[in-house]
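Participant: Using the sequences and the hints, build the whole thing.
Read off the chains here:
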Amino acid sequence: MTRLSWFNVVSLTLGFAFLYIPMLILIIFSFNESKLVTVWAGFSTKWYGELMQNEAFLNAAWVTVKVAVMSSTLATVLGTMAAYVMVRGGRFMGRTLFSGMIYAPLVMPEVITGLSLLLLFIGIGLDRGVLTIVLAHTTFSMCYVSVVVSSRLVTFDRSLEEAALDLGCSPSEAFRLVTLPIIAPAVISGWLLAFTLSLDDLVIASFASGPSATTLPIKIFSAVRLGVSPEINALSTLMIAVVTVGVITASLVSKRAMVRQKQEEQAAARVT
Amino acid sequence: MRRAVLIAIPYAWLLALFLVPFGIVLKISLSDTAIAIPPYVPTLDLAEGWTGFRTFLSELDFENFVWLTEDDLYWKAYLSSFKIALIATFFTLLVGYPMAYGMARAPQEWRPTLMMLVILPFWTSFLIRVYAWMGILSNEGFLNQILLWLGVISEPLTLLNTNKAVYIGIVYTYLPFMILPIYAALDRLDGSLIEAAEDLGCSRLQAFWLVTIPLSRPGIIAGSFLVFIPVLGEFVIPSLLGGSGTLMIGKVLWEEFFSNRDWPVASAVAVVLLLILVIPIVLFQRNQQKQAEAEQ
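If you're matching them up, the sequences are chains Y and R in order. Just so you know, we're using the numbering used here here: the first sequence kicks off at 988 and counts up by one. Just so you know, we're using the numbering used here here: the second sequence kicks off at 214 and counts up by one.
In case anyone wonders, no lab produced these hints; they're calculated from the structure. Cβ atoms here follow ideal geometry from the backbone N, Cα and C, with glycine treated the same way.
Pairwise CB distance ranges (calculated):
| hint | chain 1 | residue 1 | chain 2 | residue 2 | range |
| --- | --- | --- | --- | --- | --- |
| 1 | R | 400 | Y | 1144 | 21 to 29 Å |
| 2 | R | 426 | Y | 1153 | 49 to 57 Å |
| 3 | Y | 997 | R | 495 | 37 to 45 Å |
Facilitator: Below you can see the structure in the form of structure tokens.
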């Protein structure tokens, strides 16, 4: 059905305008000379300069990146393991509970996840800081990773793995040499998803963090509560730029990989 | 042996950091409030073992839950969260369906780009996307400036810190969740069915209403639940765009915990919220299962 009517064109144009104009306004006003974010007073990059001198924001940004790298890496390892167990593990005791625990955090309101983790950390006397935020983020993002990875594992041709085992691979070799390269794109997108979830998270981090560690979203939230400020616009613009470049690069890389895989498959088909 | 380790590690992690914390919430929701650090009196003392459990059972009371029904703040907050989530889901569908429909009818070579344009905002920070609307909706904000300039209004509208702003914020941030499942359903739709309907005398609009909409129903249902479920416990949008009159349970829980420091009541609020959420989650799960079976 490729017949675009005027209605389709109008709804797509209006829809994408609705999605992108707010971001555009935000970006434009980050270059505003005036402190007022609603009145244009000439082009200036001074808010970026001030941002670079804002020690508190820079520290929070550093903590956020550290937490995101650690938690997404841990979540990728744990989530891939969980996906493998779910898809290939067969029956084991408590399988239903296990799958329930993987899916539940996806629909659990963040306020509840945050509250429950905070009560745990206080209960066992763990000081809240970077470690507790990493633990909290790993727990909810490993579930997202495992959903992404298991959707790839389900569609994966199992005979490839069996062939490797028949040809003398040990199970771990078969995993490393056959399974992992095939599910790698899913593992990478799982990592990226976990990374952005961690960068983004305000609610769970607010519960899990203590006075010793503040993440960027917590800082932004407390600044924004007082009202709009051009410095936050500048910070937002930088974050949007990073994400946009990252997503576009990732999609181009995966497109190239797909094209290459297709070519290889065609070449293989020609040989046989 | 290896398999056991592989199962045990993620299993133990989730038990320790998901199920046990949840048990603690349940336990504290049954404790008494106290002015102390931590601010509650535990009624279940695990150190005492079985006798501790028995005294816990005999002293078990649901006073925090009773309190939730007595103070009308809480049930009003649950009710208003439900109402806001329902209305916002409806508006998201209203905006999202035409977009998904347009995407499904767009030329094949445009679709990856359109898809990317829908997903891109999803990767950018939720907080920033909500913040963007604060500058637009305020009294001297962008929207009011344009409307005043166009002469549509003579006095600035009060939008920020009202429920209207909350609805706009929800539709804006949750739109991709609605578009993607509907697009997936429409993309699978067999175009010849619509042609058949038109050949048999349906007008375009009738064909859309009688064929396209019913066939995309699984997508509509999935998208609506994907918006409704998280919005019910939403915190960021009501606290930044909503006003003091915007009651949502996520915000109440947050304030109960951080401002009032009433942990037992906050925990009881959480437990009830979760019980309420079980219904839509089960319905959603059943819809997904039915769809998966239909595909096979």
